[in-house]
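Peer 1: Here are the chains, one letter per residue:
Number of protein chains: 2
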Amino acid sequence: MQAFPKPQTRLWLLALLLVLPLASPAAEVLPSWKDGPSRQAIEAFVTAVTRAGDKDFIPPAERIAVFDNDGTLWSEQPMYFEVLFALDEVKRMAPQHPEWKDEQPFKAVLENDQKALAAAGEKGLLQIVGATHTGVTTAEFNANAQRWLAKAVHPRSHKPYTEMVFQPMLELLGYLRENGFKTYIVSGGEVAFMRAFAEEVYGIPPEQVIGTTFVTQFQNKDGKFSILRQGKLAHNDDGPGKPESIESIIGRRPVFAFGNSDGDLQMLQWTTAGEGRRLAGLVHHTDGQREWAYDRKSNIGRLDKALDQATGNKWVVVDMAKEWTRIYPGDPDQSHP
Amino acid sequence: MQAFPKPQTRLWLLALLLVLPLASPAAEVLPSWKDGPSRQAIEAFVTAVTRAGDKDFIPPAERIAVFDNDGTLWSEQPMYFEVLFALDEVKRMAPQHPEWKDEQPFKAVLENDQKALAAAGEKGLLQIVGATHTGVTTAEFNANAQRWLAKAVHPRSHKPYTEMVFQPMLELLGYLRENGFKTYIVSGGEVAFMRAFAEEVYGIPPEQVIGTTFVTQFQNKDGKFSILRQGKLAHNDDGPGKPESIESIIGRRPVFAFGNSDGDLQMLQWTTAGEGRRLAGLVHHTDGQREWAYDRKSNIGRLDKALDQATGNKWVVVDMAKEWTRIYPGDPDQSHP
Chain V
1 MQAFPKPQTR LWLLALLLVL PLASPAAEVL PSWKDGPSRQ AIEAFVTAVT
51 RAGDKDFIPP AERIAVFDND GTLWSEQPMY FEVLFALDEV KRMAPQHPEW
101 KDEQPFKAVL ENDQKALAAA GEKGLLQIVG ATHTGVTTAE FNANAQRWLA
151 KAVHPRSHKP YTEMVFQPML ELLGYLRENG FKTYIVSGGE VAFMRAFAEE
201 VYGIPPEQVI GTTFVTQFQN KDGKFSILRQ GKLAHNDDGP GKPESIESII
251 GRRPVFAFGN SDGDLQMLQW TTAGEGRRLA GLVHHTDGQR EWAYDRKSNI
301 GRLDKALDQA TGNKWVVVDM AKEWTRIYPG DPDQSHP
Chain E
1 MQAFPKPQTR LWLLALLLVL PLASPAAEVL PSWKDGPSRQ AIEAFVTAVT
51 RAGDKDFIPP AERIAVFDND GTLWSEQPMY FEVLFALDEV KRMAPQHPEW
101 KDEQPFKAVL ENDQKALAAA GEKGLLQIVG ATHTGVTTAE FNANAQRWLA
151 KAVHPRSHKP YTEMVFQPML ELLGYLRENG FKTYIVSGGE VAFMRAFAEE
201 VYGIPPEQVI GTTFVTQFQN KDGKFSILRQ GKLAHNDDGP GKPESIESII
251 GRRPVFAFGN SDGDLQMLQW TTAGEGRRLA GLVHHTDGQR EWAYDRKSNI
301 GRLDKALDQA TGNKWVVVDM AKEWTRIYPG DPDQSHP
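Residue numbers (the working numbering), protein chains in the order written: chain V, 1 to 337; chain E, 1 to 337.
A few of these clues could be false.
Only pairs whose alpha carbons sit at most 20 angstroms apart, straight line, appear in this in silico SDA-like list of lysine to any residue [claimed, not checked]:
hint, chain 1, residue 1, chain 2, residue 2
1, V, Lys232, E, Asn236
2, V, Lys221, E, Asp262
3, V, Lys221, E, Gly274
4, E, Lys221, E, Gly274
Source of the hints: derived by calculation from the structure; they are not laboratory data.
So that you can see chain V by itself, here it is in the shape it has in the complex:
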């Protein structure tokens, strides 16, 4: 009986193992992307900047890739998911706030009064976000966000929100990381809300999530430490706020940036204005069948100025309807509809 191959055979096996990964056919890259212009541009970029000796080579430490979240990595209709979270939180918290029964905009939320809610406008929305996002410790807020994400479902798809992430973008994140990129979220969403699911869903750790922030305060109550979220905005991570937070927090200009709306314009401009080869991309919501179709006139995720800029600057514009074979994880392959 011979439990193991002879030493010499074992060495040959070892050598084979070392060689195999190079010789085996590469697994298909970006399987949910049709072989269209966007996929070709992304693959050409990654191939060039990671090939030692290429004139466009970028050292691994500088391979910073930034992604907007709402509308870029997951859906954002009929309303930003974080706003839907805030509305649900008002209902959950209502028993502790009997005064909300008679106080707008909370009354409108509790009575599902869409008209009164719309009338409350942006000011009302900020009140709702403030009431549900601040006045608690960072640990408490994280627990609230986690609880909601685990239970809540989207009003149309009836799926958990974390299943409404874009499968092609998950593949893009993975493809970039396999090629030595550090993937970041840079989003108008509140940073702690996104961190509650970004690591599990996108594989993006908390320290690579950048977003809107509230002023916080370190507290020491008899040796019990906490960090209180206060009702004052520290940074609005939208529009010009995106390159500002990138410079402040990453301290290095990205080489790859993806967004979907005018709020991402400055991030894409800042990225592509750097020296050397860069890629900027936009997810264009063209698929009214499988997702939503909207751009220049939408109140949520308006894509107008950035779409004009994309044409002039040869940015990648992903036509969701034409270029993605599936939208969400688990969707059937619709390569040939």
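Here the structure of chain V is known, so what remains is to put chain E in place on it, guided by the hints.
Peer 2: Below, chain E alone, put in the same frame as chain V:
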């Protein structure tokens, strides 16, 4: 003539190469640390939290280690090095500011008038920092900091400032990184000033440097993009500001923290109050011969409350004079003075 060994020999060599790193005796860890209480505590911590199956095991993603900079990673006497930078910058910029000849605190700087400078107090210092750190783009400020770091020398040692980093702490940073820790700077210093040397000197990339920040503004001048540093503080990364920025930027509680002054107290408290095994340490400046000796009464890097807390909480307190065999890179080994 045989250019290469025979195939079979090559395979044996290959096998040997694969086995060697495991079989060779481990290189000495922390060579500039005497085998004293601090080194023992650090090694015991790292061994426990990285050993699979150990009750104290910490997954790699959670191995966040934070370090203060001034007085912890490099010296800070007779004044924070960044202040010395600001004073030199006033002199460099003086030709563009003829009004400074007659205007305090700038007049005092230009005339090396220590008394008038001291009289200008903290307000004067803030004016000097503001004038030299803001009103320029982030690219311009980085160039200014780099230029100074490349040329300036310390008034006593006559060494470049970047050679006044602590060799034992460089070894500690490397030891932690080899064990899967992500090393961060969390310092009262201005973030862009530290980033100008942190990657080269400490091996800490810009995105792992957290510090005091100014408000910035994204600018688009006829399609030329820049980020302007404005004369308004955005975040003061000292004392309670440290756990606040850790929570906001890293989003994960550190498991290892090192500081040297009362400004680090809250960072150490926040770190050690987390669940599971943690290590907090203080560099105690006890070496008036090789560096400087100061603690409870110093205006720079005062260590008073944190020293009391260290005793009660069994934090590591590094006695520089007794525990470090060398202070700066290139110093002779002084294990047996």
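Peer 1: Hint by hint, say whether it matches the structure.
Peer 2: Results of checking the hints against the structure:
Taking the CA atoms of Lys232 (chain V) and Asn236 (chain E), the gap is near 16 angstroms; set against the 20 angstroms cutoff, the hint holds. The straight-line distance between the Cα atoms of Lys221 (chain V) and Asp262 (chain E) is roughly 19 angstroms, inside the 20 angstroms bound, and the hint therefore holds. Note on Lys221 (chain V) and Gly274 (chain E): the hinted pairing holds, with a Cα-Cα distance of about 15 angstroms set against a maximum of 20 angstroms. At roughly 47 angstroms between alpha-carbon atoms, Lys221 (chain E) and Gly274 (chain E) are farther apart than 20 angstroms, so this suggested pair is violated.
The structure fails hint 4 only (numbered hints given earlier).
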